[in-house]
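Chains as they are written, first to last, in numbering that gives the first Met the number 0: chain A, 0 to 269; chain B, 0 to 233.
If you're looking for bench data, these hints aren't it; they were derived computationally from the structure. Some clues are possibly wrong.
Claimed, not checked - With a Cα cut of at most 20 Å, we get these calculated SDA-like pairs of lysine to any residue:
1. B:K34 - A:P34
2. B:K89 - A:A26
3. A:K210 - B:V19
4. A:K219 - A:R110
5. A:K235 - B:E71
6. B:K3 - A:T213
7. A:K105 - A:A222
8. A:K62 - B:V19
9. A:K210 - A:T233
10. A:K61 - B:K3
11. B:K34 - B:T180
12. B:K3 - A:G264
13. B:K3 - A:I204
14. A:K210 - A:I198
15. B:K3 - A:P256
16. A:K1 - A:K101
17. B:K156 - B:V72
18. A:K1 - B:G13
19. A:K62 - B:G13
20. A:K219 - A:D238
21. B:K89 - A:P34
22. A:K62 - B:T35
Said to hold, decoys possible - Non-contacting residues of chain A with respect to chain B, defined by C-beta distances greater than 12 Å in every case (computed):
23. T55
24. V89
25. D120
26. V169
27. V173
28. I204
29. F205
30. K218
31. A222
32. R237
Each residue gets a CB set at the ideal place from its N, CA and C atoms; glycine is no exception.
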Amino acid sequence: MKSRRWVQIGFFLFIAAIAVNHGLTEAGGGISWIPNASLHAICPFGGVVTLYTYVTDGLLIKKIHESSLILMGLVLFLSILVGPAFCGWVCPLGSIQEWIGKLGRKLMGKRFNNLIPNRADQILRWLRYLILIRVLMVTAQSVQLVFSAVDPYYALFQFWTGEVAISAIVVLLVVLGLSLIVERPWCRYACPFGALLGITNLFRIFAIRRKPATCIGCKKCNAVCPMGIEVSTTTKVRDLRCITCMECTSDAACPIPETVELLGGKPNEN
Amino acid sequence: MRIKHATLAVLIVGIIFGGVLISSAMGLWQTESSKTPQKIETGAFAGEGDPVDIRGSYTFSDIANAFPISVEVLAEAFSVEENPADFQLKVLEANYPSEGEVEMGTSSVRLFVARYTGLPYERTGEEALFSHAVEFLVQEGKLSGEEAVLIPTMEPKAVLKQEEETVIEEEHVEPLVKGNTTVADLFALGLSEEEIISVIGEYGSKGEVVRDVCNSNGVAFSAAKLTLQELAEE
C-alpha cells in the first residue's frame, strides 16, 4: 500500500506548493519552477459547477477556467475506468482526513468509526447527493461560485490568505475534528464531487471483486474500508461510496491471495 | 484483467498529468482569464483590438502584446519606473484616487492607447492623463490641439512603486462595480432586474460581464458603473 501513500503525499504537497506559489506570485514574488495557478483553476469540481453555464451560455463562472473543465474530464474518465480513485488516491482533503483518522483510531480504539449508529449512517450517506443537487442548482441560478463559501478544500489551502469565508474555515475545522471519530467524514456524508464520482461505481470498467470460493469470511476487508462498505457480503462492489483505495484487496488487508481484487471483465474469466 | 496497486498508481498519475500535458500542447490548458481584448467587429478597424476592452487586471506587457504600443511608451506616459512590464493598470487607480468625475486609471490607459494607436475610442470625460503624456501625444501628431485642451490633466507622483501601491490599495475602498463585474454580481449586490436593465440595457445571461453588455448596447460603461454603484449603495 506504499504506492497509494506516496501518491497521496505527492499530490498533497504538489497542491500545497501551487497554492503557496500562487500567493507569492500575486505578491510579486513566486518560484518559477512551481506552477502558478489559483486553487479554483486546478479543482475539477469547478468544472462540474460551471458546466451548466458553459453549455447554455458558453460562459465560465467567474474564477473558473478551462483547466477545471479539463481536469473534470480527466477525473471522470479515470472514474469510469477504475471508479472514484481520485477520492482515494489524489484528493488532498480526503488524504488529510485519512491521516487524522489514523490518529483518531489510536485515540478512540474500538469506538473509532462506531459512534454513528448504522441507521443514521444509512440516511446520512445520501446527504452528499442533496448537497450536490443544491450546489448545482444554486450555481446555475446565481452564476456565482457559491460553494467556495463552505468549501473545506479551498479553506485548507488558502486559510492564511484572508480570502476564505469564515464559514468555510468552520466547515474545515469541523471536518478535521470529526475525522478523529469517523474516517473521512466529509467524503462519506457531504462531498458533492465524491457523490458525483460515486455514481461511476455502478458501471466502472474495473471493479473491486470478491471471490467467494476462496474467501474465508474473516471480514478484514470490512474493517479496513474507509467508507464503511461491507465488502464481505458482495462479489462485486457497486456501492456508491467506494473510492478504489484498494485497502480491502489481497494486496493489502485480505489475507488470501487473489480473493479481493481490482478486476476487469467477468470474475470467472480471470 | 487484474490491476495491482503500483499499476493503478501509474495509471492515475499518467492520466492526470498526461491529460494536462496533452491539453497544454493543444493550447487548451488555461488557468487564468485571457488577457486579450475583444476585437472591433465593424468599420474600418474591424479585427483590431478594442481599447474599450482593456481591463484593470492587464499589465503594460499585456497591452503591448495586444496593441502596437511598447511598454516603454506606456511606462513613460504613466510615469512607472520600476518593473513596468508587470505593472497592473488597477494600481493606477489606487495611487490616484478619483477627483470628482475625473480619474487616473484604466480608462486613462484606454484613452492613451487609443490615441497613440489611432484606434477609435469615445472619451467619457472622466479620463485624466498626465500633462507630459498629453504633450507627447500632441508632439507625435496623435492628438489634436483642440482635444488636448479638453482632456483633464494631473501631475505624476515622483515614483510609482508597486510596494507603495499595495499599501495604498489596502486603504483604498474597492468600487462595487468594476470592469469584471457580471450581471450576477449586480443581483448579488441587491439590484433588481428592472434597475439593471434600466441602466445597462437588455442582457443575455447573468454570467455576462456588465462592461460587455454596456458595449453591445451602446451604453457608456463609465457612466453606467457610477449609476449602478449608487443603486447598490442605496
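Each hint, compared with the structure:
For the proposed pair K34 of chain B and P34 of chain A, the alpha carbon gap of about 19 Å is at most 20 Å, so the pair holds. Simply put, K89 of chain B and A26 of chain A have alpha-carbon atoms about 15 Å apart, close enough for the 20 Å limit, and the pair holds. The straight-line distance between the Cα atoms of K210 of chain A and V19 of chain B is roughly 37 Å, outside the 20 Å bound, and the hint therefore fails. Between the alpha carbons of K219 of chain A and R110 of chain A the distance comes to roughly 17 Å, so the proposed pair stays at or under 20 Å and holds.
The straight-line distance between the Cα atoms of K235 of chain A and E71 of chain B is roughly 67 Å, outside the 20 Å bound, and the hint therefore fails. A hinted pair counts as satisfied when its Cα atoms are at most 20 Å apart, and K3 of chain B with T213 of chain A qualifies at roughly 19 Å. Pair hint K105 of chain A plus A222 of chain A holds up; C-alpha atoms about 15 Å apart against a cutoff of 20 Å. With a CA separation close to 19 Å, the supplied pair K62 of chain A and V19 of chain B stays within the 20 Å bound.
Note on K210 of chain A and T233 of chain A: the hinted pairing holds, with a Cα-Cα distance of about 9 Å set against a maximum of 20 Å. Distance check on the hinted pair: K61 of chain A and K3 of chain B sit about 40 Å apart at the alpha-carbon level, beyond 20 Å; violated. The straight-line distance between the Cα atoms of K34 of chain B and T180 of chain B is roughly 16 Å, inside the 20 Å bound, and the hint therefore holds. With a C-alpha separation of about 15 Å, the suggested pairing of K3 of chain B with G264 of chain A holds against the 20 Å cut-off.
Distance restraint check for K3 of chain B and I204 of chain A: the Cα-Cα separation of roughly 15 Å lies within the 20 Å cut-off, and the hinted pair is therefore satisfied. About 23 Å separates the Cα atoms of K210 of chain A and I198 of chain A, which puts this hinted pair outside 20 Å; it is violated. Among the hinted pairs, K3 of chain B with P256 of chain A is consistent with the structure: their alpha-carbon atoms are about 12 Å apart, no more than 20 Å. Distance hint between K1 of chain A and K101 of chain A is fulfilled; the C-alpha atoms sit about 15 Å from each other, no more than 20 Å.
Proximity of K156 of chain B to V72 of chain B is assessed by CA-CA distance (about 18 Å); at most 20 Å being required, the pair is judged to hold. With a C-alpha separation of about 18 Å, the suggested pair K1 of chain A and G13 of chain B falls inside the 20 Å cut-off, and the hint holds. Our distance criterion of 20 Å between C-alpha atoms is broken by K62 of chain A and G13 of chain B, whose separation comes to about 27 Å. Under the criterion of a C-alpha separation no larger than 20 Å, the hint pairing K219 of chain A with D238 of chain A is consistent with the structure, at around 17 Å.
Proposed proximity of K89 of chain B and P34 of chain A is contradicted: the alpha carbons are some 25 Å apart, above 20 Å. For the suggested pair K62 of chain A and T35 of chain B, the alpha carbons sit about 17 Å apart, so the restraint of at most 20 Å is met. Not every Cβ of chain B is farther than 12 Å from the Cβ of T55 of chain A; the closest lies at roughly 7 Å, contradicting the non-interface assignment. Not every CB of chain B is more than 12 Å from the CB of V89 of chain A (nearest about 6 Å), against its label as outside the interface.
Every Cβ of chain B is farther than 12 Å from the Cβ of D120 of chain A; the closest lies at roughly 27 Å, confirming the non-interface assignment. Against the 12 Å criterion, V169 of chain A stays outside the reach of chain B, whose nearest CB is about 22 Å from its own CB. With a closest Cβ-Cβ approach of about 26 Å to chain B, V173 of chain A is found to remain outside the 12 Å limit, as its non-interface label requires. At roughly 9 Å from the closest C-beta of chain B, the C-beta of I204 of chain A falls inside 12 Å, breaking its exclusion from the interface.
For F205 of chain A, the requirement that its beta carbon stay farther than 12 Å from each beta carbon of chain B is not met, with the minimum near 6 Å. Distance to chain B confirms K218 of chain A as a non-interface residue, since its nearest Cβ pair spans about 21 Å, more than 12 Å. Every Cβ of chain B is farther than 12 Å from the Cβ of A222 of chain A; the closest lies at roughly 19 Å, confirming the non-interface assignment. No Cβ of chain B comes within 12 Å of the Cβ of R237 of chain A; the nearest lies about 17 Å off, and the non-interface call holds.
When held up to the earlier numbered hints, the structure conflicts with 3, 5, 10, 14, 19, 21, 23, 24, 28, 29 and fits the remainder.
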